[in-house]
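J.: Chain by chain, the residues:
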Amino acid sequence: EVQLVESGGGLVKPGGSLRLSCAVSGFTFSSHNMNWLRQTPGKGLEWVSSISSSSSYISYADSLKGRFTISRDNAKNSLYLQMNSLRAEDTAIYYCARQAGGTPDYWGQGTLVTVSS
Amino acid sequence: QSALTQPRSVSGSPGQSVTISCTGTSSDVGGYNYVSWFQQHPGKAPKLMIYDVTKRPSGVPDRFSGSKSGNTASLTIAGLQSEDEADYYCCSYAGSYTLVFGGGTKLTAL
Numbered sequence: 007e008v009q010l011v012e013s014g015g016g017l018v019k020p021g022g023s024l025r026l027s028c029a030v031s032g033f034t035f036s037s038h039n040m041n042w043l044r045q046t047p048g049k050g051l052e053w054v055s056s057i058s059s060s061s062s063y064i065s066y067a068d069s070l071k072g073r074f075t076i077s078r079d080n081a082k083n084s085l086y087l088q089m090n091s092l093r094a095e096d097t098a099i100y101y102c103a104r105q106a107g108g109t110p111d112y113w114g115q116g117t118l119v120t121v122s123s
Numbered sequence: 180q181s182a183l184t185q186p187r188s189v190s191g192s193p194g195q196s197v198t199i200s201c202t203g204t205s206s207d208v209g210g211y212n213y214v215s216w217f218q219q220h221p222g223k224a225p226k227l228m229i230y231d232v233t234k235r236p237s238g239v240p241d242r243f244s245g246s247k248s249g250n251t252a253s254l255t256i257a258g259l260q261s262e263d264e265a266d267y268y269c270c271s272y273a274g275s276y277t278l279v280f281g282g283g284t285k286l287t288a289l
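So the sequence lines, in the order shown, correspond to chains Y and S. Mapping of the first sequence onto the numbering used here: residues 7 to 123, in sequence order. Mapping of the second sequence onto the numbering used here: residues 180 to 289, in sequence order.
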């Protein structure tokens with residue numbers, strides 16, 4: 007069974023940092039590109055970042071302006087998102103998702119990040 | 180990286196068919212056969228309903244179907260049921276390891 011479990015969310019002050027983790031099981035992690043996606047409260051979904059299976063290719067949403075860094079450890083079956091200089095508008099549920107072809111097919115249950123003073 | 184355009188809401192009576200549109204550009208929807216659709220019930224994670232424009236994952240009822248013409252993709256739900264009431268999001272691959280989502284459509288079963 008494919009499973010993705012996010013962790014690391016919480017309450018952080020504006021300007022602060024958080025590191026999200028995503029532990030996966032049930033598939034060959036090193037064979038799949040991976041994504042971070044987010045959903046603001048009561049609003050829609052937004053793609054945040056993608057990383058290729060070998061970490062050779064990385065992309066970010068333009069709106070992040072270099073504040074976030076995606077990484078992965080294939081030996082640990084884990085995906086990460088380092089978030090710096092957090093703003094109130096980064097408050098959201100953050101999901102990790104497996105990529106299959108052009109589709110984010112399996113998602114975790116999400117971790118809530120709240121940026122507030 | 181502009182969001183895809185979806186209607187904010189659609190509605191239908193049980194048993195009817197409803198269609199949700201998703202309009203993008205030649206750089207996303209029109210450029211790749213990688214349009215997917217997600218169903219989301221309140222408090223739940225999104226669930227994949229359609230991928231690669233027309234394909235259904237195992238377990239998704241065949242009442243759900245997808246199509247695409249030019250820069251617009253569509254999700255059609257035939258024989259609407261009360262449990263289909265949810266938010267629906269389209270998603271397209273947009274090249275260079277990027278994805279773009281629609282703003283979401285609230286489906287109401289009258």
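Treat the hints loosely; a few may be bogus.
Distance condition first, Cα-Cα at most 25 Å in a straight line; then the derived DSS-like pairs of lysine-lysine [unchecked claim]:
1) 285(S) / 49(Y)
2) 82(Y) / 247(S)
3) 247(S) / 226(S)
4) 226(S) / 71(Y)
Chain Y is nowhere near these chain S residues, computed Cβ spacing over 10 Å in every case [claimed, not checked]:
5) 194
6) 200
7) 212
8) 215
9) 224
10) 225
11) 236
12) 240
13) 241
14) 247
15) 253
16) 265
17) 271
18) 275
19) 277
A few chain S residues that face chain Y, going by a derived Cβ cut-off under 8 Å, partial list only [stated by the list, open to error]:
20) 186
21) 227
22) 243
23) 268
24) 272
25) 279
26) 280
By construction, these hints were calculated from the structure, which means they are not laboratory data. Only a predicted model underlies this, so the values are computations on that prediction, with no experimental measurement involved. C-beta atoms are modelled at their ideal positions from N, C-alpha and C, and glycine is treated no differently.
J.: Hint by hint, note whether the structure agrees.
T.: Results for each hint:
1. 285(S) / 49(Y): holds (11 Å)
2. 82(Y) / 247(S): Violated - the C-alpha atoms of residue 247(S) and residue 82(Y) are around 39 Å apart, more than 25 Å.
3. 247(S) / 226(S): holds (20 Å)
4. 226(S) / 71(Y): violated (29 Å)
5. 194: Residue 194(S) clear of chain Y: closest Cβ-Cβ about 29 Å, beyond 10 Å.
6. 200: At about 16 Å from chain Y, residue 200(S) clears the 10 Å cut-off, so the statement holds.
7. 212: Nearest chain Y Cβ is 8 Å from residue 212(S), so the label is violated.
8. 215: violated (5 Å)
9. 224: The assertion about residue 224(S) is violated, with a minimum of 5 Å to chain Y.
10. 225: Violated, since 6 Å does not exceed 10 Å.
11. 236: violated (7 Å)
12. 240: holds (18 Å)
13. 241: holds (19 Å)
14. 247: holds (13 Å)
15. 253: holds (17 Å)
16. 265: Check passes; 13 Å lies beyond 10 Å.
17. 271: violated (8 Å)
18. 275: violated (6 Å)
19. 277: Given that some Cβ of chain Y is not farther than 10 Å from that of residue 277(S), nearest at about 5 Å, it is violated.
20. 186: violated (13 Å)
21. 227: Holds. Min distance 5 Å.
22. 243: violated (15 Å)
23. 268: holds (5 Å)
24. 272: holds (3 Å)
25. 279: holds (6 Å)
26. 280: holds (4 Å)
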